[in-house]
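**Q** Each chain, written out:
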Amino acid sequence: MTAMHELTLSGMRDGLRDGSFTARELTAHLLARIEAAQPRLNAFITITADAALAAADAADARIKDGNARPLEGLPIAHKDIFCTDGVRTTCGSRMLEQFVPPYDATAVALLADAGAIVLGKTNMDEFAMGSSNETSFFGDVHNPWREGLSPGGSSGGSAAAVSARLVGAATGTDTGGSIRQPAALCGITGLKPTYGRVSRFGMIAFASSLDQAGTLTRTAEDAALLLGAMSGLDPRDSTSVDAPVDDYVAALDAPLEGLRIGIVQEFMGEGLDADYAVAVRAATAEFEARGATLVDVSLGNIGLSVPTYYVVAPAECSSNLSRFDGIRFGHRADNPVDLEDLYRRSRGEGFGAEVKRRIMTGTYVLSAGYYDAYYLQAQKVRRLISADFARAFEQVDLVVGPTTPTPAFGLGEKTDDPITMYLNDIYTIGANLAGLPAMSVPCGFVNGLPAGLQLVAPAFGEGRMLAAAHQYQQATDWHLQAPEGWS
Amino acid sequence: MSIGSDDIEKLAVLARLSFEGDELGDITDKLAAIVAFVDQLGEADTASVTPMAHPLDQVQRLRADAADADIDRARLQACSEATEDGLYLVPRVIE
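Protein sequence lines, in the order shown, are assigned to chains A and B. Per the working numbering: the first sequence = residues 1 to 487. Per the working numbering: the second sequence = residues 1001 to 1095.
Derived by calculation from the structure, the hints in this document are not laboratory data. Some hints could be false.
[Said to hold, decoys possible] Computed cross-link-like contacts, BS3-like style, restricted to lysine-lysine with a CA-CA straight-line distance of at most 27 Å: (1) B:K1010 <-> B:K1030; (2) B:K1030 <-> A:K414; (3) B:K1030 <-> A:K380.
[Said to hold, decoys possible] Negatives, chain A to chain B, calculated, CB over 10 Å: (4) A51; (5) A58; (6) G271; (7) V295; (8) E394; (9) Q395; (10) T476.
[Unchecked claim] Listed next, with one range per pair, are the computed distances between beta-carbon atoms: (11) B:R1061 <-> A:A373: 28 to 38 Å; (12) B:E1084 <-> A:E97: 17 to 27 Å; (13) B:V1013 <-> A:A51: 40 to 50 Å.
Computed from a predicted structure; not experimentally measured. A virtual CB, placed ideally from N, CA and C, is assigned to each residue, including glycine.
Start from the sequences and build out the full structure, keeping to the hints where you can.
**A** Laid out in structure tokens, this is it:
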């Protein structure tokens, strides 16, 4: 019999329903794995064992009574950016080291209402600002595929936890690639929905016009299962979109025949690891072999996506993070001499170096004299990039390419050079700027490390994108590979 | 343009941040590098382009101005390190 942790989320659901194991057995088994993995991977900031076991008993009772909800008893973890009522929520920062929210994020509440069981809160780059999980106040996360390498970021703890089979699935957030990049580096499936598809209420804000909650799972099928439960209009988030939520699971069987897939030429050239390119080409060939049509497409302004992002995101972050003033919640400096001193030292002590860098960058590009040259210009280039995607989608149904330029890199390798670190998100940022749904699926290995294929769809095209990924995963087994020692 | 320590101090005041010891040199060097990197945006021809503030060009949705939250003050203020009689405490502002 397959070990419980080896099952996908859908497999766990089937096992619970047919009585192969109970929710308590599954939860206790995974909690033991989490405890054992913690010294090696550091994937969790908080483990909620008691609450999880109590929820598992309640789930078992519901299953026994025939009242199981769609995700009844399924073990997940939340990125520690989502507020959880009564459970510490740190956002990876000293600033919120002791913060216990008095309410749940909408995404958290929806998944709980659907029956999911939360095993803990996962490690992350501080305030989701990072691509390696090294900016966390709570220490580096290690990549299960090779300890000493980064799992990517900012949802690095979620990606490592799913990859190491510690949970069935995890939530994440993606502002410039923070779900897709760690998913690629850890060999799992990561989905960022259309901007506004999932409520941002209770999700600690970084860059409000880019942030979007999504899923880290083993398979596209599992992503469909979770996304359906998380999505929908939320009156508490004025940017959440009033559009019907498709039945993503039912849409998975759509065939690849007739699907037009655009290969982004700008993503396949200079900067992309040669072996990674081979893996991506093999993946697109698989789509073609199964009936899709391949077309070369160009996103002419995509080369400016990283500098655009590093104006827009810091500008929004400098505004959003002004709420952390040391007074109503968060870290408060000792013995302030006056109010100004309280603000500056609380923030100076509470925020780490990368967060402070981004607040300073945002303050600079928004300040008088520089606003037009940087912020306004970035908003204009953002429209050019969005228009490039719109033109591509006149020709094709999906665009694809690599998720990252290279497989996982070493912890400490890029920490002293922010620009090099920023360029790791060169293929993922465009979808955030244009608000489009995008996902990463495992597509092979480079030097023994996972590579990811990125798919991007038109707004609210999650169903079609998930179906394409699912069909690809029916034909390949990259997504089933487990890191050595974690299977 | 170059960024010097005077610029950093001015920005730090605006951003309500403090930098101690080695942090000051580090932020000066790295902010200069970041600004030099984003300077390439100036090369794009955007003369007739409308700025894009929202990815889906949606209009802000409004709701009725009615209170609907039921979080009590004591729970909210439990998040703060200094409160008294339902008020947040701050250093003296007016002498």
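**Q** Please verify that the nearest CB of chain B lies beyond 10 Å from A:V295's CB.
**A** holds (24 Å)
**Q** Can we confirm that no CB of chain B comes within 10 Å of the CB of A:A51?
**A** holds (18 Å)
**Q** Minimum Cβ separation between A:A58 and chain B greater than 10 Å?
**A** The claim stands: A:A58 keeps its Cβ more than 10 Å from every Cβ of chain B (closest is about 24 Å).
**Q** Does A:E394 clear chain B by more than 10 Å, comparing its Cβ with all Cβ atoms of that chain?
**A** holds (17 Å)
**Q** Is the distance from the Cβ of B:V1013 to the Cβ of A:A51 consistent with 40 to 50 Å?
**A** holds (44 Å)
**Q** Does A:G271 clear chain B by more than 10 Å, comparing its Cβ with all Cβ atoms of that chain?
**A** Answer for A:G271: holds, closest chain B Cβ roughly 15 Å.
**Q** Beyond 10 Å from every chain B Cβ: check whether that's true for A:Q395.
**A** About 21 Å separates A:Q395 from the closest Cβ of chain B, which puts it past 10 Å; holds.
**Q** Do the beta carbons of B:E1084 and A:E97 sit within 17 to 27 Å of each other?
**A** Cβ of B:E1084 to Cβ of A:E97: about 23 Å, so the range 17 to 27 Å holds.
**Q** For B:K1010 and B:K1030, compute the direct alpha-carbon distance and say whether it is at most 27 Å.
**A** Within the cut-off at roughly 16 Å; holds.
**Q** Please work out if B:K1030 and A:K380 have their alpha carbons no farther apart than 27 Å.
**A** holds (25 Å)
**Q** Is it true that the C-beta distance of B:R1061 to A:A373 lies inside 28 to 38 Å, as the hint says?
**A** holds (32 Å)
**Q** Against chain B, does A:T476 hold up as non-interface, every C-beta pair farther apart than 10 Å?
**A** Nearest chain B Cβ is 31 Å from A:T476, so the label holds.
Taken one by one, the earlier hints all hold for this structure without exception.
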